[in-house]
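Chemist: Please arrange chain B on chain A, whose structure you already have, making use of the hints.
Chains A and B, in that order, give the protein sequences.
Sequential numbering of the first sequence, starting at 1, is according to the numbering used here.
Sequential numbering of the second sequence, starting at 234, is according to the numbering used here.
Keep in mind that the hints were calculated from the coordinates and are not lab data.
A hint or two may mislead.
Unchecked claim - In silico PhoX-like links for lysine-lysine, alpha-carbon gap of 20 Å or less:
id : chain 1 : residue 1 : chain 2 : residue 2
1  : B       : Lys491    : B       : Lys235
2  : B       : Lys449    : B       : Lys358
3  : B       : Lys491    : A       : Lys138
4  : B       : Lys358    : B       : Lys451
5  : A       : Lys69     : B       : Lys454
6  : A       : Lys69     : B       : Lys449
Unchecked claim - Simulated coverage check for chain B against chain A, where a stretch passes if three residues somewhere in it have a Cβ under 8 Å from a Cβ of chain A:
id : region
7  : 406 to 413
8  : 423 to 431
9  : 435 to 448
To be verified - Distance ranges between label pairs, derived from CB positions:
id : chain 1 : residue 1 : chain 2 : residue 2 : range
10 : B       : Ala537    : A       : Tyr133    : 52 to 60 Å
11 : A       : Asn6      : B       : Phe421    : 44 to 52 Å
12 : B       : Leu516    : A       : Ala125    : 49 to 57 Å
13 : B       : Ile344    : A       : Lys138    : 54 to 62 Å
14 : B       : Leu251    : A       : Phe108    : 23 to 31 Å
15 : B       : Gly246    : A       : Ala125    : 37 to 45 Å
16 : B       : Ser525    : A       : Ala86     : 46 to 54 Å
17 : B       : Leu371    : A       : Gln186    : 53 to 61 Å
18 : B       : Gln240    : A       : Leu116    : 19 to 27 Å
Every residue gets a Cβ at the ideal spot worked out from N, C-alpha and C, and that includes glycine.
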Amino acid sequence: MISFQNAQVGYQTTLIELAPLALPAGQIYALIGRNGSGKSTLLHSLIGQLPLRSGSITLGAYSLDELQKNAALRSRQVSFVASMFAGLDALTLRAYVSLGRVPHLGAFGRLQAADLQIVDEVLQALNLSSLAYQDTRKLSDGERQLASLARAMVQDTPIMVLDEPASFLDYFNRELLLDQLQNWVQQKPARTAVFSSHDIDLCLQKGIPMLVLHQRRLTLLMKPTKAEVMALL
Amino acid sequence: MKQRSIQFLLQTGTLLLLLSWVHLFVLQQHNGEMQNIVFWEFQVPRLVSAVFAGAGLSLSGLLMQNLFQNPMAGPYVLGVNSGASLFISLLILGAAPTFLIELSYVSAAMIGAFLAAGFMFLVSKRVQNIQSLLVIGLMFASFTGAIESVLQSFAAPEQVKQLFIWNMGSLQQMSAAQAPWMASFVVFGIVTTLFLVKGLNAMVLGDTHALQLGIKVKQLKMFVLFITALLAGSITAFCGPIAFVGLAIPNLARALLKTQDHLLLILFSVLAGSCFLLAIDLLVLLLDPWLSIPVNVLTAVIGAPYVAYLMLRQR
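Same shape as in the complex, but just chain A (with noise of 0.2 Å):
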């Protein structure tokens, strides 16, 4: 669950003025708005990189304020997936996912059995498996952003925050992560995913609830039409 409470956000100055709202857990939301209306600045916060101007925000069982203090337990609550991943020469896919166990892992950073079935069951169920071995730099577009996304999943945070993560793919890959992420939502409870898209339709098609941000405000949607998320854009 994640929930507002009067919380203003920005830089130097307010950007968006966050009125109290809870999102239950157990679902997907898409953060819409149009460009320039502060959709990457509220999930930087949410993700605990931007502190709040005032107010506070809850993510599970923390505020936002107790895990920007603490790294290691921030990393365990709130995974990260942003919009591009170039590759890297030298890193394997099977290799990138696995940096997703970092925050599990002890000082010398070694992977046990147990975080390497995580991880392989992660890429059987986006399959990926046959691309384990890959160089992250050979992949498609659409099998890097696929990664990123078992990245964060192998991860295993109550919270998911993904900016943008379909604006590169096109519409089967689309379709296929949101999918994925609708999945993984539901496998364990009190888990929560808030992403930001311009792809309005595939969402109401989806019907996955929108939080709409306009005029620095933020609106939840449970149940959009499109003619109410057009009135609000």
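Modeler: Using the frame of chain A, we list chain B on its own:
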């Protein structure tokens, strides 16, 4: 995968032992008589300086590549050596006649290296691509070089000569008393780095993701900067500026081991760096009857084309 990496490590380790033995043997032939004194006073320090300078330089290169998140970073190309070099010149050419106290020499180089590394790190936040950064590194080096020249015009010929020799880079200027110092700096650097492996692995994904994986990024970067300066600074103080080892060897490590796991990369870079510099010094020794080529020239002859090749391969 893992087995292949371990095999590589074992092979490199064996090569290192073999090279060390040959190095000692060749030096012994080279020196002829009066062997016993020469062994401890001359041969061992030279071996130690090749082994530890190679290890330390390539480790500092690996760390800088992680810090700058770019495979083309290295202590020489980004001007860290130049910073050390400038401070050494200030010491040699400055008025201080008591400069020969070894530690002050080394600490001056470390301060210079740390300032240069810190400066380049701040600059790297403002420039977007590595090409600009490398050009700035080059400008920095030529700027410090210019200051050195200005200083030289005020200095006595004896001091200028001393600086000139130091600038050529050499593995034989280290004394038996200095050898344990340098070895312990490098060992300290290696051991400390081994404790940073988890953070270094996460850093390859960039700051945002490393933070989200629970890494204290700022703290880690300061640590890395400090170790880099310690390694590059102390080695530069003892052996003079030695180019390209730091840039080339970690790239070789990634290309051969095909991994971004820094435990393996550290171990391999350290071993391969030692092997490389030992081999270079062997070449210096073998060529000596005909040609006396400084180490820095040889590493550049081999390293510069390799680095150019890496640049070209980077699309």
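Chemist: Among the hints numbered above, which are violated by the structure, and what are their numbers in rising order?
Modeler: 7, 10 and 13
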